[in-house]
Amino acid sequence: MPDFMKMLQQAQEVQGRLQQLQDELQNRTVSAASGGGMVTVTADGKGQVRKVQIDPSVVDPSDTEMLEDLILVAITEAQKKATALAEEEMRKLTGGFSLPFKLPF
Numbered sequence: 014m015p016d017f018m019k020m021l022q023q024a025q026e027v028q029g030r031l032q033q034l035q036d037e038l039q040n041r042t043v044s045a046a047s048g049g050g051m052v053t054v055t056a057d058g059k060g061q062v063r064k065v066q067i068d069p070s071v072v073d074p075s076d077t078e079m080l081e082d083l084i085l086v087a088i089t090e091a092q093k094k095a096t097a098l099a100e101e102e103m104r105k106l107t108g109g110f111s112l113p114f115k116l117p118f
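Numbering-wise (the numbering used here), the sequence shown opens with residue 14 and increments by one.
Simulated from the structure, these hints should not be mistaken for lab results.
These numbers come from a predicted model, not from an experiment.
For each residue, glycine too, the CB sits at the ideal point set by N, CA and C.
Treat the hints with caution; some may be incorrect.
Straight-line Cα separation of at most 27 Å, DSS-like style, residue types lysine-lysine; simulated pairs [stated by the list, open to error]: (1) K94 / K64; (2) K19 / K64; (3) K105 / K59; (4) K94 / K105; (5) K105 / K93; (6) K105 / K19; (7) K64 / K93; (8) K59 / K19.
Derived Cβ-Cβ restraints for the label pairs, each shown as a range [unchecked claim]: (9) E101 / M79: 30 to 36 Å; (10) T42 / S75: 30 to 36 Å; (11) Q28 / Q61: 52 to 58 Å; (12) L85 / Q23: 38 to 44 Å; (13) E100 / G49: 48 to 54 Å; (14) Q28 / E81: 39 to 45 Å; (15) Q33 / D73: 32 to 38 Å; (16) G108 / D16: 15 to 21 Å; (17) T89 / M18: 53 to 59 Å; (18) M20 / V72: 54 to 60 Å.
Produce the complete structure using the sequences and hints provided.
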């Protein structure tokens, strides 16, 4: 029985560290730009977009498609960076072992 209790305690510790990691990721930010910096997107460590900055020179009412593309590229890149950040922090938490499931952040 002592081994079971130890495993249960370790599982509770990991759960606490996972919650702490989620909180930390929400407070961290990543940024990505497209169009040579004409569009910049900032997201939290969970990938939620928090800010979009658009250089006024890229706003052309006759070519909204280009602006839409630049925004999409920047958002996609910011979310990729957030995923990479979360995975890096998770590897630190698990000592390099990958988990057999995807985390909810």
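Outcome of the hint check:
Simply put, K94 and K64 have alpha-carbon atoms about 15 Å apart, close enough for the 27 Å limit, and the pair holds. Distance restraint check for K19 and K64: the Cα-Cα separation of roughly 44 Å exceeds the 27 Å cut-off, and the hinted pair is therefore not satisfied. Between K105 and K59 the CA atoms are separated by roughly 16 Å; this keeps the pair inside 27 Å, and the hint holds. For a cut-off of 27 Å, the pair hint linking K94 to K105 stands: about 17 Å separates their Cα positions.
Taking the CA atoms of K105 and K93, the gap is about 19 Å. The hint holds against a cut of 27 Å. At most 27 Å may separate the alpha-carbon atoms for a hinted pair to count; K105 and K19 meet this at roughly 22 Å. Distance check on the hinted pair: K64 and K93 sit about 16 Å apart at the alpha-carbon level, within 27 Å; holds. A C-alpha spacing of about 31 Å is found between K59 and K19, which places the hinted pair above 27 Å, so the restraint is violated.
A hinted range of 30 to 36 Å for the beta carbons of E101 and M79 is consistent with their spacing of about 33 Å. Checked against the hint of 30 to 36 Å, the C-beta distance between T42 and S75 comes to roughly 34 Å, which is consistent with it. About 23 Å separates the C-beta atoms of Q28 and Q61, a value inconsistent with the hinted range of 52 to 58 Å. L85 and Q23 have their C-beta atoms about 43 Å apart, which keeps the hinted 38 to 44 Å range intact.
For E100 and G49, the hinted distance range of 48 to 54 Å is not satisfied, since their beta carbons lie about 28 Å from each other. A C-beta distance of roughly 41 Å is found between Q28 and E81, which places it inside the suggested range of 39 to 45 Å. At roughly 46 Å, the beta-carbon separation of Q33 and D73 lies outside the given 32 to 38 Å, and the hint is violated. Taking the beta carbon of each, G108 and D16 are about 20 Å apart, inside 15 to 21 Å as hinted.
Under the hint 53 to 59 Å, the C-beta atoms of T89 and M18, about 46 Å apart, miss the expected range. For the pair M20 and V72, the supplied restraint of 54 to 60 Å holds, since their beta-carbon distance comes to about 58 Å.
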